[in-house]
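Undergrad: If you want the building blocks of each chain, they are given just below.
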Amino acid sequence: MVVKTLTGNYAVAYAVKLARVQVVSAYPITPQTTIVEKLSEMIEKGEMNARMIRVESEHSALAAVFGAASAGARAFTATASHGLLYMHEVVWWAAGARVPLVMAVVARAIGPPWNIHVDHQDIFDQRDSGWIIAFAQENQEVLDLTLQAFRISEDPRVYLPMMVGLEGFILSHTMAPVDIPDQELVDSWLPPRRQPYVISPDTMYSMGNIAPDEDHYMMRYSMAAAMEAAKQVIDEVDKEYGEVFGRSYGGLIECYKCDGAEYYVVITGSWAGDAKKAVDSLREKGVPVGLVRVRFIRPWPRERLLEALSGAKGVIVFDRAVSMGSVGPLFADVAQTLYPLGISMKGVIAGLTGVDVKPGVFEEAIAGFIKEAEEGPVFVPSEWLLPRKYRGKYPSIPREVIAR
Amino acid sequence: MTVNLKKLPDHKYVMPGNAACPGCPETMGMRYLKMAYGDNFVMVIPAGCSSVIQGIWPKNGINAPVLNIVFAAAASAASGMKAAFDMLGKKDVQVVVWAGDGGTGDIGFQALSGAAERDEDIVYICVDNEAYMNTGIQRSSLTPYGAWTTTTWTGKKEHKKNIPLIMIAHGAKYVATATVGYPTDFIEKLQRAAKIRGFKYIHLLAPCPVGWRFDPAKTGEIGQLAVKTGLFPLFEYAEGKFQLSPLSRRYKDPAKRVPITEYLKLQGRFRHLLNKPEEIKKIEEYIDSVWYMIDVLEKAFNPQAEAQKLLRTL
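Protein sequences, first through last, are from chains X and E.
Per my numbering, residue 1 is the first one in the first sequence, and the count goes up by one each step.
Per my numbering, residue 1 is the first one in the second sequence, and the count goes up by one each step.
You may find that some hints are simply not true.
To be verified - Below are the DSS-like pairs computed for lysine-lysine, each with C-alpha atoms no more than 27 Å apart in a straight line:
(1) E:Lys161 to E:Lys12
(2) X:Lys45 to E:Lys195
(3) X:Lys45 to E:Lys90
(4) E:Lys195 to E:Lys91
(5) E:Lys265 to E:Lys157
(6) E:Lys173 to E:Lys241
These are calculated hints, taken from the structure and not from any lab test.
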């Protein structure tokens, strides 16, 4: 074990090296680029035994690692924002083919206008594709989650590709001390690659020719079943990782200050750290509030959330993405999960396009929600928390429609 | 090197139950591919007729392992497979892309260009039936001048994009043209390509009875006529050396070429221009330009040529 001060992106690169990835392919995009820069360096210096395919686009990057993985190699790519959107077609193809793969997604806003700062819109755009999708909060978790991703994706109960999300700049370019596990320990914990089939002259398998609609339907069904099974695998892998490496995170969700809580914040990503500060401050003031950090967006941790929130009086959800014309994607899932509880719920749209949300802003929003909920049932699917300089100057959506 | 078809392995190359149309050039081509490469290759197939020809899951009408992939990504997926085989100690496995003209010259062009520039050690075969046949005969950038398609009702107004030339300009290690009309020529080229490390591109002209509107018994004949009229010269460019294939050498002399109308009149897609001499003249001028280019390439890419210096800059 070595402790190094690493950016989130370098933490990804070290994990990929430790996982003994054999084929890497990527295309540059801010804020992802330093991941593949580091991997290129490791490969060219001979520190890592892998092939680097420097492709001409993200569509090709994912297609190349998909090809490599289909042929039996452990493969990795990374991207962000427009790059992720550009490879969207292959995202679906890789999941449907049930080929284990790992991709880091350094979350970034989508243009226009050009903007390299963080929000979660890019990663949520992949929500329905059939990938396991996770979000880290800190650099250490980035490394641990990336290692775990290979184990989860290649588990025979799962056999689905996995995205590891980390926030652009907030994690990707910010340095923090990271424990790098010993290679021997990783080797003893991470088994050789497993996958459902290999396309090769030895196997004579083919993948992807036309199937009858009924059979195609059942392939979709089996993906849904694998997603369900993945819930247990994710919790197991995280627990076992803790036993071997001394760090675990709660699996699908992390509960923060849940003991004695009556109200909860639900959130995902690294801005959960700022929300936790708000929870700390409110707790000091005697407000009974806890926080649930959703670590895995897919599979959706329905059972774990219901268990954690069963005694809640109200839940406020912070979304750093929005489904235009509807609500925040995290809120939509929380609301359908907690529907049977009939408790107060509010969805807040904030932090889009890199707008910073400080602990004080979280605190104000959380305290305001609790005050409203104490007075009577609250159900607000989406409230836009505007940037400070615009606050109070525009009517809120959807209570009044902006028509000018 | 001469190929004797009788001496090639006796496989079932394309299986009964495949979904190809009668007279399909693609199944002909696949048969020759398997004759050349035996059992030690995988195919990467993007969207197109060949996705359908495989027939219905869980069986596959092609007697080879196939990775089907999205339309624009064939060359990239093949690059990844080759890298994996190298890493896994299976360096002798040939990775073959089998893509249509749209998957090569239009939507897949960026990936193709990338793979050629990276000099990926794969064999890329463009099976050129000169339109989007699988979706119902729509124009592609490789549809020839004058051809009717369902998106060019009065005939295409532009000439065909010259992909083999573009591949030579990429510095590809091997570029060749072939047609299903001359199987042994195609098989010989496949075998020569297999011996070269780096990026190999073979442009296979594949006359399509459905889209070109001709009698399905004439697929081979029309492929041969494309060569005999001089419209589609067969050549080979290997590691800096360009040469016309023996089958095309005599057609360097315009007097020996079969009149282009013999080729056009067999195909319904050209019916509307048969009585328009000015249109025929345009196609004849195009053939002249094709041969001018052949002449330039022969002069530029031979071991003695000064232009070898040019090659080194590619």
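Undergrad: Against each hint, give a clear statement of whether it holds in the structure.
TA: Hint-by-hint comparison with the structure:
1. E:Lys161 to E:Lys12: 35 Å, violated
2. X:Lys45 to E:Lys195: Between Lys45 (chain X) and Lys195 (chain E) the Cα gap is close to 30 Å, so the pair fails against 27 Å, i.e. violated.
3. X:Lys45 to E:Lys90: Status holds; Cα separation ~24 Å.
4. E:Lys195 to E:Lys91: Holds, because 13 Å separates the two Cα atoms, which is no more than 27 Å.
5. E:Lys265 to E:Lys157: 19 Å, holds
6. E:Lys173 to E:Lys241: 10 Å, holds
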